[in-house]
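Residues per chain are reported as follows:
Protein chains: 2
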Amino acid sequence: MKKLMNRPEDYVDDMLRGIYSAHKDDVTYAAGDMRCYVSAHKHAGKVAIVTGGGTGHLPLFLGYVGEGLLDGCGVGGVFQSPSPEQIYEISKEVDGGAGVLYLYGNYTGDIMTFDMASEMCGMDGIETKSIVGADDVNSGAPEVRRGVAGIFFMYKAAGAKAAQMGSLEQVLAAAQKAKDHTRTVGFALTPCIIPEVGHANFTLAENEMAMGMGIHGEPGIWNGPLKTSRAIVEESLDTLLKDMPLSRGDEICLLVNGLGATSIEELYIMAGDAAEALADRGICVYRSFVGEFATSMEMAGASLSICRVDEEMKEWMDYPVSTPFYCQR
Amino acid sequence: MKKLMNRPEDYVDDMLRGIYSAHKDDVTYAAGDMRCYVSAHKHAGKVAIVTGGGTGHLPLFLGYVGEGLLDGCGVGGVFQSPSPEQIYEISKEVDGGAGVLYLYGNYTGDIMTFDMASEMCGMDGIETKSIVGADDVNSGAPEVRRGVAGIFFMYKAAGAKAAQMGSLEQVLAAAQKAKDHTRTVGFALTPCIIPEVGHANFTLAENEMAMGMGIHGEPGIWNGPLKTSRAIVEESLDTLLKDMPLSRGDEICLLVNGLGATSIEELYIMAGDAAEALADRGICVYRSFVGEFATSMEMAGASLSICRVDEEMKEWMDYPVSTPFYCQR
Chain E
869 MKKLMNRPED
879 YVDDMLRGIY
889 SAHKDDVTYA
899 AGDMRCYVSA
909 HKHAGKVAIV
919 TGGGTGHLPL
929 FLGYVGEGLL
939 DGCGVGGVFQ
949 SPSPEQIYEI
959 SKEVDGGAGV
969 LYLYGNYTGD
979 IMTFDMASEM
989 CGMDGIETKS
999 IVGADDVNSG
1009 APEVRRGVAG
1019 IFFMYKAAGA
1029 KAAQMGSLEQ
1039 VLAAAQKAKD
1049 HTRTVGFALT
1059 PCIIPEVGHA
1069 NFTLAENEMA
1079 MGMGIHGEPG
1089 IWNGPLKTSR
1099 AIVEESLDTL
1109 LKDMPLSRGD
1119 EICLLVNGLG
1129 ATSIEELYIM
1139 AGDAAEALAD
1149 RGICVYRSFV
1159 GEFATSMEMA
1169 GASLSICRVD
1179 EEMKEWMDYP
1189 VSTPFYCQR
Chain G
869 MKKLMNRPED
879 YVDDMLRGIY
889 SAHKDDVTYA
899 AGDMRCYVSA
909 HKHAGKVAIV
919 TGGGTGHLPL
929 FLGYVGEGLL
939 DGCGVGGVFQ
949 SPSPEQIYEI
959 SKEVDGGAGV
969 LYLYGNYTGD
979 IMTFDMASEM
989 CGMDGIETKS
999 IVGADDVNSG
1009 APEVRRGVAG
1019 IFFMYKAAGA
1029 KAAQMGSLEQ
1039 VLAAAQKAKD
1049 HTRTVGFALT
1059 PCIIPEVGHA
1069 NFTLAENEMA
1079 MGMGIHGEPG
1089 IWNGPLKTSR
1099 AIVEESLDTL
1109 LKDMPLSRGD
1119 EICLLVNGLG
1129 ATSIEELYIM
1139 AGDAAEALAD
1149 RGICVYRSFV
1159 GEFATSMEMA
1169 GASLSICRVD
1179 EEMKEWMDYP
1189 VSTPFYCQR
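Protein sequence lines correspond, in order, to chains E and G.
Here my numbering is used: position 307 in the first sequence is 1175, and no number is missing along the way.
Here my numbering is used: position 66 in the second sequence is 934, and no number is missing along the way.
No wet-lab data here; the hints were simulated from the structure.
Please note: incorrect hints may appear among the correct ones.
Heads up, the list lumps identical chains together, so a pair's fine if it works in one copy or across two of them.
Derived pair list, reagent style SDA-like, types lysine to any residue, alpha-carbon separation capped at 25 Å [what the hints assert, rightly or not]:
hint, residue 1, residue 2
1, LYS892, ASN874
2, LYS892, CYS1152
3, LYS1182, THR896
4, LYS892, ALA1147
5, LYS870, GLY1085
Make a model of the complete structure from these sequences and hints.
Written as structure tokens, this is what we have:
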């Protein structure tokens, strides 16, 4: 295991110390607990949005806390859920009187955590609503799908609506609209290593890729020889468009996300291939997002997400945001 | 070699197609040559800044073309210099009548390229000045040092001064001031592979790191067992501060740069250790930059740069910028 770190058991807290030290004007923590990550800027009367999940996916999840996006994030151990108490403490801290939206990925531990936090908030008179990202097409039928990089589009939609002072129902509806129109396909080229484990829990041969692998190394739909970028793009788009059919002339936002170790150069090669393959299908890319949005530490690989957009969605996708990890003007 | 790509010989052009496709409102190219990368936004009367260098270091070099930073970039093959003709064509395109600053890394091929382009511009009546980044302390004595991630601080200073409509002399002086106050130490954990070569030209053992390795794999000052983040930080700061002594109470900007495959989590662990180790020495971090600023494709490793700042430098470092690859509000 080659990681720049100190003791494996301090991985998360050492990381958090670095983040708070680097971005002290923008973020802080609640309840004296570094894992109760909140924006340093409060907005009275605005619906607050809280996310959370395991460490190891930066900039997911905490990197989206900031202006025009989210208000707080529960930080779990590596690939582990935060606790209900942490989400509750964060909710109390960020609630601006207009309620709190819980927006996170479709994983069992996280669902239990947020449901329990919601009950605790209810007893304090803080209204909450919940919605989970579930965009990973190859992870199963719609009701059991995992949430991966496509949650970015839900953050953008809900974050914009909240910043425009929408009601809790309206912010939830914005997130739901983005969810309904978003699909993702991912693929890994190498595994990653959990610091406290010290070795990968699977291997891929030198010429092998894993189509559909999850961001915690969940098995995909096939392992086989590495394909060209263009071939991967074609297969991915076939999968995406079979699940969410689009018509010629439809517009989408495209997200080409790196899983951690894949170079930015390669992501742009895929972005170019995806734009051409979409054009061949008569689909227009309204806006492209290329970079690391949801990673799996040092895993090599990428994911492609598409989000169908209408005029309202375009406005949300273009809405300016600024966090220590992500800025869009 | 596990890369998301098509034919190795198309690596650079496929990447550029992706970049132009994703960011068509912001960047374009001159002279019908995709490797003559220029901003889509021209500013009459402003000093233009042109950079350039080999492909494989994104967001360096072209990623810094945009508002508040640079105006054009010559794109070479992987780890190869662009041609003088390309820099000349870019210069003609971006010149706003106030002259052009060439700001690039201290590599022999690049120096020849920019010097010849400067002569060609002179015959057209376009005034140019040149300055090279040379921040990599472990690469040798000051006059032969290579430029690495610390060039970011030169871009920030010169870009801000140019945006404030400084003269060519003033923009050059801003770059020189940032250069004089910037130092970098880098270290690699794994090599990277040039697509058309197909294999790494050196290896590091499973527990080994290379202190001082350059971003093209130039040999460093020692190879040995991987140290902890805190130990690497201490050694790096000792090297940096021996070369550029600072006094208690001095303020710096800190740049923790990932070389490509290293996770964002690890970079923040180092950033936290660096902030503490600097505080122990009485040095105050005015602003931190953490992420991928100058990479070597899928090389694992990182670099630490420090830039001493006074009030003028702080203003330049805080100046808002927006490019397709980097945004700072």
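The hints, checked one at a time:
Taking CA atoms no more than 25 Å apart as the test, LYS892 paired with ASN874 passes inside one copy only; the shortest distance there is 22 Å, against 43 Å between copies. Taking the closest pair of Cα atoms, LYS892 and CYS1152 come within 25 Å of each other only across two copies (13 Å); inside a single copy the shortest separation is 40 Å, beyond that limit. In this assembly of identical chains, the alpha carbons of LYS1182 and THR896 lie at most 25 Å apart only when taken from different copies (23 Å versus 31 Å within one copy). For the identical chains of this complex, LYS892 and ALA1147 are inter-copy neighbours only, at 15 Å across copies versus 44 Å inside a copy, given an alpha-carbon limit of 25 Å.
Both within a single protomer and between protomers do LYS870 and GLY1085 lie at most 25 Å apart by alpha-carbon distance, with minima of 18 Å and 18 Å respectively.
Every hint, counting from the list given before, is met by this structure.
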